[in-house]
Amino acid sequence: MLEAAPNLQPDMRAITQLITDGVKAQENVYGPVFTAKVIDYALRLVSKQIGEEKPEGITNLDQLAEYLLSKECKLPPHWILLWAVFKTEKKFEGYQGAGMRLMDMGISRKVMESTIDLEGDLSDVGSVLSKLRRSTIEMKVAPLKMGYKENEDGSISVLHQDCYFLDACQLALNEGLLKRADGRMVCGVFSLVRQYLKRATGREWDYTISIFDKPNCVAKFFTV
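Its first residue numbered 908, the sequence shown is counted upward by one per residue in my numbering.
Derived from the structure by calculation, the hints contain no laboratory data.
One or more hints might be untrue.
[Stated by the list, open to error] Taking lysine-lysine pairs in the DSSO-like style, the calculated list, with each CA pair at most 27 angstroms apart, reads:
1) K1127 with K1105
2) K1047 with K1127
3) K997 with K1105
4) K997 with K955
5) K1086 with K1121
6) K1047 with K1121
7) K994 with K961
8) K961 with K981
9) K955 with K978
10) K931 with K1086
11) K944 with K1086
12) K981 with K955
13) K981 with K1052
Put together the whole structure using the sequences plus the hints.
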């Protein structure tokens, strides 16, 4: 196991802002209509949760993030925002595909900006994942526990334990919002690992989730 995060839950503002940065990368491609849909879906869900009318005047992602953080809902703000993103992507594409990759890139760019360095022996998977782990802990967005195993076929199995997204992912999965075109499941945390591996090694990576259950999620990563 790699270094454990010091807190059971992430910093709500930090993780909500991180997802917001990812959505902004999608907006650069799909245009403002994508963001407008994300905002609409998020506000509708909050309205349903708290029994208030949907507010007027929230027109950008930063305003949405502040609004979500100001409300006491059954669901945390980062859940609501991520669900709204998945809902919008399904509306635009039918499956999680290019849009999810754009969001991955936006989030991973933010994490990499906070990384101390990407120097050293990057052929060592343990070193690469340790750097990622330290960065997410410093940003206060790391899942509680993370581990990995290098397999004989050259693939890597990565474990996330007690992930704070798991319940939200289950809700989205039940609505059919987490499927790629080939039927495989999407995971935002593992997508970040993929982007980080790509940046560090210079190779393309993909993943398949093999375990999705409390308390463990496990994905197998391989080069493509």
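Discussion item. Between the alpha carbons of K1047 and K1121, is the straight-line distance 27 angstroms or under?
Written reply: Measuring from Cα to Cα gives roughly 22 angstroms; hence the hint holds.
Fill in: Hint consistency between K955 and K978 [alpha-carbon to alpha-carbon, up to 27 angstroms]
Holds. K955 to K978 sits at ~12 angstroms (cutoff 27 angstroms).
Item to complete: Take the C-alpha atoms of K1086 and K1121, compute the straight-line distance between them, and say whether it is at most 27 angstroms.
Response: holds (20 angstroms)
Worksheet item: Is K994 close enough to K961, meaning Cα to Cα at most 27 angstroms?
Response: Distance of about 18 angstroms is within 27 angstroms: holds.
Worksheet item: CA of K997 to CA of K1105, is that 27 angstroms or under?
Response: holds (26 angstroms)
Discussion item. Against the 27 angstroms threshold, does the CA-CA distance of K961 and K981 hold or violate the hint?
Written reply: The hint holds at about 16 angstroms.
Worksheet item: Taking only the CA atoms, is the gap from K1127 to K1105 under or equal to 27 angstroms?
Response: Holds: K1127 and K1105 sit about 15 angstroms apart, inside 27 angstroms.
Worksheet item: Within a Cα-Cα threshold of 27 angstroms, do K931 and K1086 meet the stated pairing?
Response: Holds. K931 to K1086 sits at ~22 angstroms (cutoff 27 angstroms).
Worksheet item: Is it true that the CA of K1047 sits at most 27 angstroms from the CA of K1127?
Response: holds (25 angstroms)
Discussion item. K981 and K1052 were given as a pair; does the straight-line alpha-carbon distance stay at or below 27 angstroms?
Written reply: holds (24 angstroms)
Worksheet item: Given the proposed pairing of K981 with K955, does the C-alpha separation stay at or below 27 angstroms?
Response: Holds, at about 10 angstroms.
Practice prompt. Could you grab the alpha-carbon distance between K997 and K955 and see if it respects the 27 angstroms cut-off?
Written response: The hint holds at about 21 angstroms.
Every hint, counting from the list given before, is met by this structure.
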